[in-house]
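4 protein chains.
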Amino acid sequence: MIRVSVVGATGYAGIELVRLLYSHPQVELVHLVSQSFAEQPISNIYPNFKGLLDKTCSSLDIDRIAEESDVVFTSLPHGISNQVIPALYQRGKKVIDLSGDFRYKSVKVYEKWYGVRHGHPDLLKESVYGLPELHRNEIKTARLVGNPGCYPTCAILGLAPLVKHQLIHLNSIIIDAKSGATGAGREPSQGLLFCEVDENIKAYKVATHRHTSEIEQELSILAQRELAISFTPHLLPVKRGILSTIYANLKKTLNFEDVYSLYSQFYAGEPFVVLHHEGSLPEIKHVNGSNSCHIGFVVDRRTNRIVVVTAIDNLIKGAGGQAIQNMNILFGLDETVGLRSPGWYL
Amino acid sequence: MIRVSVVGATGYAGIELVRLLYSHPQVELVHLVSQSFAEQPISNIYPNFKGLLDKTCSSLDIDRIAEESDVVFTSLPHGISNQVIPALYQRGKKVIDLSGDFRYKSVKVYEKWYGVRHGHPDLLKESVYGLPELHRNEIKTARLVGNPGCYPTCAILGLAPLVKHQLIHLNSIIIDAKSGATGAGREPSQGLLFCEVDENIKAYKVATHRHTSEIEQELSILAQRELAISFTPHLLPVKRGILSTIYANLKKTLNFEDVYSLYSQFYAGEPFVVLHHEGSLPEIKHVNGSNSCHIGFVVDRRTNRIVVVTAIDNLIKGAGGQAIQNMNILFGLDETVGLRSPGWYL
Amino acid sequence: MIRVSVVGATGYAGIELVRLLYSHPQVELVHLVSQSFAEQPISNIYPNFKGLLDKTCSSLDIDRIAEESDVVFTSLPHGISNQVIPALYQRGKKVIDLSGDFRYKSVKVYEKWYGVRHGHPDLLKESVYGLPELHRNEIKTARLVGNPGCYPTCAILGLAPLVKHQLIHLNSIIIDAKSGATGAGREPSQGLLFCEVDENIKAYKVATHRHTSEIEQELSILAQRELAISFTPHLLPVKRGILSTIYANLKKTLNFEDVYSLYSQFYAGEPFVVLHHEGSLPEIKHVNGSNSCHIGFVVDRRTNRIVVVTAIDNLIKGAGGQAIQNMNILFGLDETVGLRSPGWYL
Amino acid sequence: MIRVSVVGATGYAGIELVRLLYSHPQVELVHLVSQSFAEQPISNIYPNFKGLLDKTCSSLDIDRIAEESDVVFTSLPHGISNQVIPALYQRGKKVIDLSGDFRYKSVKVYEKWYGVRHGHPDLLKESVYGLPELHRNEIKTARLVGNPGCYPTCAILGLAPLVKHQLIHLNSIIIDAKSGATGAGREPSQGLLFCEVDENIKAYKVATHRHTSEIEQELSILAQRELAISFTPHLLPVKRGILSTIYANLKKTLNFEDVYSLYSQFYAGEPFVVLHHEGSLPEIKHVNGSNSCHIGFVVDRRTNRIVVVTAIDNLIKGAGGQAIQNMNILFGLDETVGLRSPGWYL
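Which chain is which? The protein sequence lines are A, B, C and D, in order. When we follow the working numbering, the leftmost residue of the first sequence carries the number 114, and every step to the right adds one. When we follow the working numbering, the leftmost residue of the second sequence carries the number 114, and every step to the right adds one. When we follow the working numbering, the leftmost residue of the third sequence carries the number 114, and every step to the right adds one. When we follow the working numbering, the leftmost residue of the fourth sequence carries the number 114, and every step to the right adds one.
Okay, chain A solo, but in the shape it has when bound (with noise of 0.2 Å):
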């Protein structure tokens, strides 16, 4: 069994990730960390869980948790993230961590687009970008992952193929995403009332979200040289899932089963990347509860472009189900342990 303990236990994608983790047939739940909520029981803030797990959730103490855990997952705001890691990377142990504190390459653009000193640069040297479909081999071996934002989990793995095969004009990407609101966190803001946001869909950071220099990173690797892309979330009125609404031009002419092809290959053996034949196409509740992304495609001739779209559940393979991937990769277990429920449908 592996020892498992999860920081920031009480927000959306940590309760997600508790709510996996308690179904993985090799995990053992060690601590629950909750600053908000120490020692209550997970059951009282998280009421599915009575009669089921009634573990109690514990404060912060970094000796205790390296000690008794093999891996720990940090589901903290970023910066935060940040201040707890490097105590828990020094002492051994792995970590996940489902912040942007460990997803960049470059401190510059991390410093950037978040705007805040990164705590720790060198540590970036170390983590690795725990897309497993792009970079399985360097995760193997990895101590601290760096697990993808969920619109850009969405996004790249919807791009991937295109770009990485010159298939189309790097200018022209753009992203048109939709999420659901858990992808805004449990933290109480007018904003996200449900009577702000039942029966709407707004636009939000338009051109500005974080997640932008994340999908440009990614890419840029993948084409090779630098792009720069448009990017815009928007806020939907449901809980789960976000679709990406991809569009760029085609740098020749191509027909549907060129493509299918082309992806076909790019992600042959991938557990976790479902295709869509031709005239079918990705939704939400087709992934909502499942680790998969689904990606299907419009060949539009009359414009010579390309529109993909994606769907994740931004809270498993855009959050805790993605992280679960890569601890199983991390110790060596098949990738889809713990990961195989089809998705609910209704």
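Read the hints as simulated data drawn from the structure, not as lab findings. Take every hint as true, because none was put in to throw you off.
For identical chains, the list gives no copy identity; a pair is met inside one copy or between any two copies.
Cut-off 30 Å, straight-line C-alpha distance, at most; resulting in silico cross-link-like pairs (DSSO-like, lysine-lysine): (1) 277 with 318; (2) 277 with 364; (3) 365 with 315; (4) 318 with 221; (5) 318 with 168; (6) 221 with 365; (7) 225 with 238; (8) 218 with 277; (9) 277 with 315; (10) 168 with 315; (11) 364 with 315.
The hints should help you fit chains B, C and D onto chain A, whose structure is shown.
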């Protein structure tokens, strides 16, 4: 034109009142008071008013408001209402208060259920309970109206004919009410976040909700003796609307026509009470957007029980719309002016 | 491995059953029967199964199903169930039926409330009402299980200890139930369109819903005399979940601890019944995604009434999950196999 | 008073038109034609009208309608519209058609995108595209108005100033639009069931939606040359509202003020176009319930792209409200009569 000010204009009840007043042909909006948003244009806070009502919110200046207004609506938390109203009242203004502070005959009952001392018990003698269907004549000559609570409006209108005519056992009344989330206001709290309310329903304050006492007060007056009811509010994943499902044991065997005819007579001429014929029952989509209270019922011969179903828009008939109805009465206008919109359905 | 077939696999109850069976470690899915979608892969109809379960739906071939299955789940409209089950039963198969056809002791009651003749009244003697918390021993040796209705499961579990121990007046029981829209199935109809259900709540079939009779049957057995209840179902703008708010008059004065201790004893050892402590009440988000029934209560001294609140996932404990629980019992497995997931909360 | 009839009064667009006409001070509602609900009171079908509008729906009697009406609104599926309108037109009536049948300059384009023969291509010469912000003068003297589609209204108003002033590369236009489910009408179908639409978003008819051609027609006129756009509609889990996120490459470097000033001038005096200041963007809750189109934008210097966000209520500015705006123009009324309600926000 009636010069109108609204104190507490930027809460949900307040802004809905403003929206209705904006379309009232005999109203001039003078002051929109908001402590949180003073000096900001109302259309920044609620962009639905952009290009229509760009008035700036002001902070509370009792003298100025009193001087420049004919009537003041106060939409403040209970207790606070209490501090503002006497000053306005002493300056000779008509006041319509949307809080619970001036709805009670008995200071004792108020203080027991609200758990605070009443600041101005003397004024309770002056105030009138603003449910026009029961107290129209008193309202006509009042200067201080305690505008009814949303749940009480919906429950009392459903029960009044039965209680008045002694057709039910008074100790058998159960009101199972379901409300939209606007009823809880705009103050951020975890329990009101989209991800908490969406795809959920919960009962809350079972047997202890303050509105219980308000319903009991009015039904006791009708019954001419003290009675106690069971009242259970529920939070729905919708913005607006209250549906009350009301149960009571019949004293004798009645059929649908008997009951329908009783209600028809009781509410003859009422512009905002709508009865459903046999086989049809109110739904909140029938009333949302309107000042109407819809009433339907089923007589269950098996159990000799009547089930009354009532629906109102909690922000209109349950708050701002009823407040305007009261204003119309206070100023001798046709009671329906500014309140003639049908429900939206969609 | 238990060889399992599902007849009626593509309705909402059917597909949820398939989703749960897919993750059951001792189940082999053999036939997914769907008249409407025969010869189509299940993953075309429900793309959440893409890449996981690409089995093709088949049309109904009783002989083949009987030959190749150890147990058959039938999830068909009542009456139709009736036509399929005897043939399977005669071929010696175990059958778990999700319709209302085999839930009744009395043909007369069935025929009165369903308004049709029962095709095989003889089989009613063989069938067992599949509520394990009340009938576990009978289920163990049964070959035909009438899987309980969703509303009855939620109501009966909430009332059983009170009725059994004669703590309430039997003629005072009122069940005000609220259900998600999956309960109404996937057949297109105007009343189930998104724009009709969203932002709405309505009561329907007041005092006439078929599940009334099912609840009365089971409570009458517990009470050892005939009783009649008031049951009001409501349609909620959510996909899953039932919340029942249940009212009854107490025969004597009780406090919370008395009642809690009674329920604790009654449900001692039950893996899927979860009691809430004082001050906490079930919500559908606590149970959606799980096979649990949560129960909480408030004792109201003012009215000497008890209010019991129960919640289940109508598609799991109210349908497919309970059906699997029954299968586990029929085959001597641990009752919780394949059913250990906590609720989703989000 | 203008005598008005509505043909197709009981679909979602039709009933919303009726709701708006009901409150129009210069309108007398004469015939509400509904084949499906002929001889039934409209308030049985839409109980929100109970006690307000109890008119009975009638079947289609062209002669009578023509005789007793000054203007007829037709809200029928395309193709059917086509069969009814010529008869009304020949009888000298003014007709405002909400279908796609009379929106096109070119029969060929219509027939290509709609896949049917146009029944009366001759009448296309008589009809005017009813977008007042672009064609007010033509509308004034028209007798047949092709009321614009919902998506085109929202897209064209967002792009018109940029296209007209040639500030963007015409081949770079991408419109990513998100619509509420009322846009799909009230005809039952599986894909529109609550449980299919709720908690979901999906793209549909990518690169092939008919409204593409309508947008291209109008933008090509403004650009004075043919252009092709990418248009992707999405179905949102909301009832009302369209949000369009529009991308285009700027021909030269511009800042926010430049663009704002351009739009201000272009739409000077327009009563139903509302611009958002820097840092604010339209959301559908700003416009739902109103006839306004809100427009905001972000100039992205990194990519030299402009992102325009527009929002309308698809049932009002995108259908019935705009139809009434056209009626007001046709009859020489103030264009805003009956259309002055602010959005609801809640």
